[in-house]
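**Student:** Given the structure of chain A, go ahead and fit chain B onto it with the hints provided.
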Amino acid sequence: MRVYVKGRPEDVNIDDQFPAYSHSTAFAKPTTDGGWWLPLLEKAFAKVHVNYEMMSSGTQAEAARFLTGSPAQEFETNQKSVEEIWMSITNAIRKEYMITSACFIERNGLIAGHGYIVKDFVVGKDSTGEEVKLIKVKNPYKLIGDPSLKGSSHGIWTG
Amino acid sequence: MTAEDFKDSFKYYTITYLHVGYKNSFIEKRQAVNQRVYKFNFTISDEDYNSGPATTLAEESSDSDLGDAQNLQVSMQSGGQH
Chain A
1 MRVYVKGRPE DVNIDDQFPA YSHSTAFAKP TTDGGWWLPL LEKAFAKVHV
51 NYEMMSSGTQ AEAARFLTGS PAQEFETNQK SVEEIWMSIT NAIRKEYMIT
101 SACFIERNGL IAGHGYIVKD FVVGKDSTGE EVKLIKVKNP YKLIGDPSLK
151 GSSHGIWTG
Chain B
1 MTAEDFKDSF KYYTITYLHV GYKNSFIEKR QAVNQRVYKF NFTISDEDYN
51 SGPATTLAEE SSDSDLGDAQ NLQVSMQSGG QH
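Going line by line, the protein sequences match chains A and B.
For the first sequence, my numbering assigns the number 1 to the initial residue and increments by one for each residue that follows.
For the second sequence, my numbering assigns the number 1 to the initial residue and increments by one for each residue that follows.
The following block holds chain A by itself, in its conformation from the complex (with noise of 0.2 Å):
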């Protein structure tokens, strides 16, 4: 498998063996629809991240970085204000650098705890003509179909 580590690309041999609880693979799991990307994916990073244990963890720069090599830079929302995030996402998607963002609790809809895309903005007019800015976020669960996610906004491409 092709990855980028400490910078640099490498190719890492694994097997297709996996740790194993309760009839599943331990940590990742395979999609719905049978791809296992995903847990041969993590069984690259744990190893050359030498086991699972040393991944219990981490920010999505070090997953950005691990999967293309390219730097990746991590922001903290309350560290800036609205209209900084704002000129800081739309350049990047002008330029179309890839942008993650994390959830650590559960508000809007979202997951706490997890990753979501952010894919595009628009700026558009309310009701009562003021103006709107929005930013489009992924929902990844809707791909793999988890029917115990609950929310108004699960499932649907917000915007």
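Treat the hints as calculated values from the structure; they're not laboratory data.
Don't take each hint at face value.
Claimed, not checked - As a list, the in silico DSS-like pairs of lysine-lysine whose alpha-carbon atoms are at most 25 Å apart: (1) B:K11 / A:K80; (2) A:K29 / A:K138; (3) A:K47 / A:K29; (4) A:K138 / A:K125; (5) A:K138 / A:K80; (6) B:K11 / A:K119; (7) A:K119 / A:K133; (8) B:K11 / A:K133; (9) A:K119 / A:K138; (10) A:K125 / A:K136; (11) A:K136 / A:K80; (12) A:K125 / A:K80; (13) A:K80 / A:K133; (14) A:K136 / B:K11; (15) A:K138 / B:K11.
Claimed, not checked - Listed next, with one range per pair, are the computed distances between beta-carbon atoms: (16) A:D120 / B:K11: 15 to 25 Å; (17) B:K11 / A:L67: 20 to 30 Å; (18) A:G129 / B:K11: 30 to 40 Å; (19) B:K11 / A:K136: 11 to 21 Å; (20) B:K11 / A:H23: 26 to 36 Å; (21) B:K11 / A:M54: 19 to 29 Å; (22) B:K11 / A:M87: 17 to 27 Å; (23) A:S56 / B:K11: 14 to 24 Å.
No experiment lies behind these values; they were computed from the predicted model shown.
All C-beta atoms, glycine included, are put in the ideal place defined by N, C-alpha and C.
**Tutor:** Then chain B, alone, in the frame of chain A:
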């Protein structure tokens, strides 16, 4: 969601500066071999996340020897990925 909701809902957001042919400096490669935990050693220019004049990576390469640079100055042509 609105930009205000985005700020309230997400604690972090991450921008990955996708560059075709991104090259690490010599120093980065040497550290990669010697260090078990690697930290990127790069500098993101203002042009990467703010609009403004920028030069291409190829132009940067021709102007300076990136191989000896400890901090790789990554520049981006405004208006799209290359």
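**Student:** Decide, hint by hint, whether the structure agrees.
**Tutor:** Consistency of the hints with the structure:
1. For the hint pairing B:K11 with A:K80, the CA-to-CA distance comes to about 11 Å; that is within 25 Å, so the pair holds.
2. At most 25 Å may separate the alpha-carbon atoms for a hinted pair to count; A:K29 and A:K138 meet this at roughly 21 Å.
3. For the hint pairing A:K47 with A:K29, the CA-to-CA distance comes to about 17 Å; that is within 25 Å, so the pair holds.
4. Our distance criterion of 25 Å between C-alpha atoms is met by A:K138 and A:K125, whose separation comes to about 22 Å.
5. Taking the CA atoms of A:K138 and A:K80, the gap is about 22 Å. The hint holds against a cut of 25 Å.
6. Proposed proximity of B:K11 and A:K119 is supported: the alpha carbons are some 17 Å apart, at most 25 Å.
7. Note on A:K119 and A:K133: the hinted pairing holds, with a Cα-Cα distance of about 14 Å set against a maximum of 25 Å.
8. Simply put, B:K11 and A:K133 have alpha-carbon atoms about 19 Å apart, close enough for the 25 Å limit, and the pair holds.
9. Restraint check: the Cα-Cα separation between A:K119 and A:K138 comes to about 7 Å, which is no more than 25 Å; the hinted pair holds.
10. Note on A:K125 and A:K136: the hinted pairing holds, with a Cα-Cα distance of about 16 Å set against a maximum of 25 Å.
11. Note on A:K136 and A:K80: the hinted pairing holds, with a Cα-Cα distance of about 19 Å set against a maximum of 25 Å.
12. A distance of roughly 24 Å separates the Cα atoms of A:K125 and A:K80; the hinted pair therefore holds under the 25 Å criterion.
13. For the hint linking A:K80 to A:K133, the alpha-carbon distance of about 16 Å falls within 25 Å, and the restraint holds.
14. Simply put, A:K136 and B:K11 have alpha-carbon atoms about 17 Å apart, close enough for the 25 Å limit, and the pair holds.
15. For the hint pairing A:K138 with B:K11, the CA-to-CA distance comes to about 16 Å; that is within 25 Å, so the pair holds.
16. For A:D120 paired with B:K11, a C-beta distance near 21 Å keeps the hint of 15 to 25 Å intact.
17. Between B:K11 and A:L67 the beta carbon distance is about 22 Å. The supplied range of 20 to 30 Å therefore holds.
18. Hint check: A:G129 to B:K11, Cβ distance near 33 Å, so the stated range 30 to 40 Å holds.
19. Between B:K11 and A:K136, the C-beta spacing of about 19 Å keeps the proposed range 11 to 21 Å intact.
20. Checked against the given bound of 26 to 36 Å, the beta carbons of B:K11 and A:H23, roughly 35 Å apart, stay inside it.
21. At roughly 23 Å, the beta-carbon separation of B:K11 and A:M54 lies within the given 19 to 29 Å, and the hint holds.
22. For the hinted restraint 17 to 27 Å between B:K11 and A:M87, the CB-CB distance of approximately 19 Å keeps it satisfied.
23. Roughly 18 Å separates the CB atoms of A:S56 and B:K11, a value that falls within the hinted 14 to 24 Å.
Violated hints are absent here; each numbered hint is respected by the structure.
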